[in-house]
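Student: Residue numbers (the numbering used here), protein chains in the order written: chain R, 1 to 110; chain P, 1 to 110; chain V, 1 to 110; chain A, 1 to 110.
In short, the hints are calculated from the structure, not lab data.
On a predicted model such as this, the values are computed, not experimentally measured, just so you know.
Careful, some of the hints might be misleading.
[Said to hold, decoys possible] Just some of the chain V residues that point at chain R, by a computed CB distance under 7 Å:
(1) Trp23
(2) Gln25
(3) Thr28
(4) Ala37
(5) Ile38
(6) Gly41
(7) Leu44
(8) Phe53
(9) Arg57
[To be verified] Partial list, derived from the structure: chain A residues whose beta carbon lies under 8 Å from chain V:
(10) Val5
(11) Val10
(12) Ile18
(13) Glu24
(14) Val97
(15) Tyr107
(16) Arg109
(17) Leu110
Just so it is clear, CB atoms sit at the ideal spot from N, CA and C, and this is done for glycine as well.
Number of protein chains: 4
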Amino acid sequence: MLSDVTSEQVTAALRTFIAERDWEQFHTPENLAKSIAIEAGELLEEFQWAPEFDADRVRLELADVLTYCYELADRLGVDPEAAILEKLEITRRKYPVEVSRGRSAKYDRL
Amino acid sequence: MLSDVTSEQVTAALRTFIAERDWEQFHTPENLAKSIAIEAGELLEEFQWAPEFDADRVRLELADVLTYCYELADRLGVDPEAAILEKLEITRRKYPVEVSRGRSAKYDRL
Amino acid sequence: MLSDVTSEQVTAALRTFIAERDWEQFHTPENLAKSIAIEAGELLEEFQWAPEFDADRVRLELADVLTYCYELADRLGVDPEAAILEKLEITRRKYPVEVSRGRSAKYDRL
Amino acid sequence: MLSDVTSEQVTAALRTFIAERDWEQFHTPENLAKSIAIEAGELLEEFQWAPEFDADRVRLELADVLTYCYELADRLGVDPEAAILEKLEITRRKYPVEVSRGRSAKYDRL
């Protein structure tokens, strides 16, 4: 079952893929940040003219964004899921339940 | 140790955060795709004028992209890491080692 | 000579193109903002792995970004070039010559 | 009246602004492409959670995208409006009226 996979195993698989192709030279943090933005644009294209979407296409585009995110996390020496949880604590404090409930306003306009 | 965290646990933490604030109404797949692109832009801003970067700032911006990616994966009923591995198999076939080694060209220009 | 073209003429050409295809229904401000981000990603792809670029390809990708920008300006009832000059005055005040000369720092870190 | 402004005058104003601050060194084509994507993300943020928008905020964010687009056009030695019209001819051929009328499908799926 794939859901048993750990971040370490995914990162190891990505490292092997990159190393086999000698692509470390291209995958600098700056180029990975560009790649994340490029792939985020392709994901958004699935929703360009309507909110309806093709789940298979969206899943594969999302995977491209995630792949470059995991690679960048690896360059930073960071566990991706630990980074999510670290940031969630910060966001929790910026958006206390009592003031943000049911409101989409940005914290500096709450 | 945070690296023992599973995707399921991260997803559960994000669900609780969203539910407490009654934000499911805003976090549609389309709005999450927009949010991923927006956060990808903020991450890229850390590299706007030079390849040098502040690792702490980059980690926190990357976490924002990852957070919305995990939320979108949850809306799709997909494990994020399984999606990365599924796509890696496809990419592996599009970029065979022998033709892509040391080259950054897109597969349709290899 | 194309450089004699005015914003009004470009906007009129775009309006005709859209109306002939009955596309006004899709080109809402929100969808145009998504389209600008999508095309900005395609433009960035020309620079994904290296600063070197193909001028012809970049020109055509840049044109796509500009096209949706002009359409959005038209929806807002704004002249695109007037908007640039309006914003330039604001930016001029945020980045006084004496403090910003030769520095790429954002105004809030100057 | 601002609508009498020409692309050349806007480009000249941007050149002066950049030269006064000695910013040509930062505004390489690659960095301008990144900047366009970054500002496109900020524009999209105005539509993050709903299609409703604040016209003043959108106009100013759109101006930022346009500004970097005009700068990149200048680096390429291209008139921005000529580029729009050049691309419009190409797009016209990819989307003939008879097959694209009232449909938002991409040309390769028409």
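Student: Each hint needs a verdict: does it hold in this structure or not?
Tutor: To see whether the hints hold, each was checked on the structure:
A hinted interface residue such as Trp23(V) counts as satisfied when its beta carbon comes closer than 7 Å to some beta carbon of chain R; here the least separation is about 9 Å, so the hint is violated. About 9 Å separates the beta-carbon of Gln25(V) from the nearest beta-carbon of chain R, more than 7 Å, and the hint is not met. Taking 7 Å as the C-beta contact cut-off toward chain R, the hint placing Thr28(V) at the interface is violated, the least distance being around 9 Å. A least Cβ separation of about 6 Å between Ala37(V) and chain R falls short of the 7 Å threshold, and the interface hint therefore holds.
A cut of 7 Å between beta carbons decides the hint on Ile38(V): the least distance to chain R is about 5 Å, and the hint holds. For Gly41(V), the shortest C-beta to C-beta distance to chain R is roughly 2 Å, which falls under 7 Å, so the interface hint holds. Checking Leu44(V) against chain R: minimum C-beta separation of about 5 Å stays under 7 Å; hint holds. A hinted interface residue such as Phe53(V) counts as satisfied when its beta carbon comes closer than 7 Å to some beta carbon of chain R; here the least separation is about 13 Å, so the hint is violated.
The beta carbon of Arg57(V) is not positioned within 7 Å of any beta carbon in chain R (closest approach about 14 Å), and the interface hint is therefore violated. The restraint placing Val5(A) at the interface with chain V holds, with a minimum CB-CB distance near 5 Å, inside the 8 Å limit. With 8 Å as the threshold, the beta carbon of Val10(A) comes within range of chain V, its nearest partner Cβ sitting at about 5 Å, so the hint holds. For Ile18(A), the interface hint is violated, since its Cβ never comes within 8 Å of a Cβ in chain V; the closest pair sits about 11 Å apart.
With 8 Å as the threshold, the beta carbon of Glu24(A) stays out of range of chain V, its nearest partner Cβ sitting at about 10 Å, so the hint is violated. Annotation: Val97(A) was flagged as interfacial toward chain V, and the flag holds, the nearest CB pair being 5 Å apart, inside 8 Å. About 12 Å separates the beta-carbon of Tyr107(A) from the nearest beta-carbon of chain V, more than 8 Å, and the hint is not met. The beta carbon of Arg109(A) comes no nearer than 15 Å to any beta carbon in chain V, farther than 8 Å, and the hint placing it at the interface is violated.
The beta carbon of Leu110(A) is not positioned within 8 Å of any beta carbon in chain V (closest approach about 11 Å), and the interface hint is therefore violated.
Violated hints for the displayed structure, listed by number in ascending order: 1, 2, 3, 8, 9, 12, 13, 15, 16 and 17.
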